[in-house]
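*Asks:* Sequence:
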Amino acid sequence: MYAIIKSGGKQYKVAEGDTVDVELLEGELGSQINLTDILFVNDGSQSIIGAPFITDYSIIAELVDYVAGPKVTCVKYIPGNHRRKIGHRQHYSRLKITGIQKKGHQHGS
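Counted from 1, the sequence shown has number 81 at position 77 by our numbering; the numbering is strictly sequential.
Check the hints yourself; a few may be wrong.
What follows is a list of derived Cβ distance ranges for each label pair [said to hold, decoys possible]:
# : residue 1 : residue 2 : range
1 : Asn46     : Lys14     : 15 to 25 Å
2 : Gln15     : Pro74     : 12 to 22 Å
3 : Tyr6      : Pro83     : 45 to 55 Å
Hints were generated in silico from the structure; no laboratory data involved.
Backbone N, C-alpha and C define an ideal beta-carbon position, used for all residues, glycine too.
Let's have the full structure, built from the sequences with the hints guiding it.
*Replies:* Here it is as structure tokens:
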């Protein structure tokens with residue numbers, strides 16, 4: 005079973021047990037996060053497409069870590085033979101998908 009979710013303006017394909025880095029989310033490490041913006045679910049026998057979101061399923065994730073992405077550098081040229089080097093590292097939240105379940109059903113059934 006896999007799903008496509010929307011988080012931080014981006015779309016991610018997730019399955020149970022996957023670890024995914026999404027845009028920074030607030031919360032304590034180890035806390036459970038319920039992802040509600042589900043665009044697509046495939047449970048092996050059928051595919052469900054949201055219009056725009058699916059409300060019958062819920063995705064539960066655990067906030068594992070806060071990480072920083074790769075460093076992006078930029079050089080700005082200034083008149084007078086000068087340069088200014090600018091760097092940036094985007095911050096992400098690392099989530100472990102613990103369950104994709106239909107609402108009203110217990111986890112694992």
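*Asks:* Each hint needs a verdict: does it hold in this structure or not?
*Replies:* Checked hints:
1. Asn46 - Lys14: 15 to 25 Å: Holds, since Asn46 and Lys14 (Cβ atoms, about 19 Å apart) stay within the stated range.
2. Gln15 - Pro74: 12 to 22 Å: 20 Å, holds
3. Tyr6 - Pro83: 45 to 55 Å: 53 Å, holds
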